[in-house]
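Work out the full structure: start from the sequences and follow the hints.
The listed protein sequences correspond, in order, to chains V and X. Just so we're aligned, residue 1 is where the first sequence starts under this note's numbering, counting upward by one. Just so we're aligned, residue 1 is where the second sequence starts under this note's numbering, counting upward by one.
Chain X is faced by these chain V residues, among others (derived, beta-carbon under 10 Å):
1. Ala45
2. Val67
3. Phe109
4. Ser156
5. Ala172
In short, the hints are calculated from the structure, not lab data. Just so we're clear, the structure is a prediction, and the values are computed from it rather than from any experiment. Every residue, glycine too, gets a C-beta built ideally from N, C-alpha and C.
The lines below spell out each chain.
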Amino acid sequence: MTTTTKAIPLENAKEHSKARTIREAQPYWNPYVAGLGLGLVLLSAFVIMGRGLGASGAFSSLVAATVNTVAPTHAAANNFYAEYLGDGTKNPLKDWLVFEVLGAIVGGFISGILAGRVKKTIEKGPRISVGGRLGFALVGGMIMGFGAKMARGCTSGQALTGGALLGLGSWAAMLAIFAGAYATAYFVRRQWT
Amino acid sequence: MDMNAPFFKFGFFGDEVSLIVAFVIGIGFGFFLERAGFGSARKLCAQFYFTDLAVFKVMFTAIITAMVGIFWLSWIGFVDLSLVYVSPTFILPQTVGGLILGVGFVVGGYCPGTSCVAAATGKMDAFVYLGGIIAGIFAFGELFPFLSAFYDSTPMGQLTIPQYFNLSYGLVVFLVVLMAIGGFAGGSWLEKKMAVRATEK
Numbered sequence: 001m002t003t004t005t006k007a008i009p010l011e012n013a014k015e016h017s018k019a020r021t022i023r024e025a026q027p028y029w030n031p032y033v034a035g036l037g038l039g040l041v042l043l044s045a046f047v048i049m050g051r052g053l054g055a056s057g058a059f060s061s062l063v064a065a066t067v068n069t070v071a072p073t074h075a076a077a078n079n080f081y082a083e084y085l086g087d088g089t090k091n092p093l094k095d096w097l098v099f100e101v102l103g104a105i106v107g108g109f110i111s112g113i114l115a116g117r118v119k120k121t122i123e124k125g126p127r128i129s130v131g132g133r134l135g136f137a138l139v140g141g142m143i144m145g146f147g148a149k150m151a152r153g154c155t156s157g158q159a160l161t162g163g164a165l166l167g168l169g170s171w172a173a174m175l176a177i178f179a180g181a182y183a184t185a186y187f188v189r190r191q192w193t
Numbered sequence: 001m002d003m004n005a006p007f008f009k010f011g012f013f014g015d016e017v018s019l020i021v022a023f024v025i026g027i028g029f030g031f032f033l034e035r036a037g038f039g040s041a042r043k044l045c046a047q048f049y050f051t052d053l054a055v056f057k058v059m060f061t062a063i064i065t066a067m068v069g070i071f072w073l074s075w076i077g078f079v080d081l082s083l084v085y086v087s088p089t090f091i092l093p094q095t096v097g098g099l100i101l102g103v104g105f106v107v108g109g110y111c112p113g114t115s116c117v118a119a120a121t122g123k124m125d126a127f128v129y130l131g132g133i134i135a136g137i138f139a140f141g142e143l144f145p146f147l148s149a150f151y152d153s154t155p156m157g158q159l160t161i162p163q164y165f166n167l168s169y170g171l172v173v174f175l176v177v178l179m180a181i182g183g184f185a186g187g188s189w190l191e192k193k194m195a196v197r198a199t200e201k
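Structure (structure tokens):
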């Protein structure tokens, strides 16, 4: 059946996936319940580790480790990479955030599979093509990667963790994230609505 | 009560074990992100069209839970709050970075953490987005010699809102809780309004 799915015309495929969604996928949790769970995970990180959650830092480690493998002298001369490479005595991928993100991938999969939500699909509104959506995803990811490094962390590290610890710069970053997204939303509305 | 936490900082376990802890905490992180619906870019971005404010509700419920929790645990003397790492403030690059990041969020559909969960549940656009993140970080790294002056500008150290405004920690915690509750009520009201507007269309 999976091999024939591709051959189904777009409209039929849509109906097909819709039918499957209705039959299998459970609704998402109440946002306050999910938020409470997320908050307790964050609190446990504070209590057990003395640090919060993050995500973009894991990708920085990955990029730094890759650059270091391909061009070690180039990486060593760059203060940004050097910060993630450390003194060279340990593998930069043996990093707290790298393991935490690997866990997040597993946890997301567990939740998804239990709720019947693991499905090969592309998230987009009805008014944009698949190619268009993937183009936006690529460009958006690049902007996000760049911005997250400039802000010294992303939604997890700054907004969530720094927000709960009342960090001044984290709150500035959080407000700026919402401001940037709301200011741009109108221009990319065809992608989502 | 003797101060015992953060456990890692008090030497209850070492670096190797901390990576296992990271993995387990990560599982919880990813699980609740997915439960909230944050593996879906449409659900996430609905926040920015006021039709579904789950991003705000989940985020601020999590923030006040962890914030109130760590405040109480510190107040009863169980956690040494000064040993919980607060990332240092560089107000200007963080604000500019936040604006850029926000643009990337609504253009790409995810943030880094949620894109991992989305990819784990089969969203093909999330894989492309992750490729974009890596390219964006690589670009930042390669341009770092030119960006470092701005990146390191306006340093203010490990500064919290209570310290900066010279208010008590508990008061700021209370005000954030009040603000969040107001936001929840306002958000739900807005969602209803948008739903009515959508049916009238």
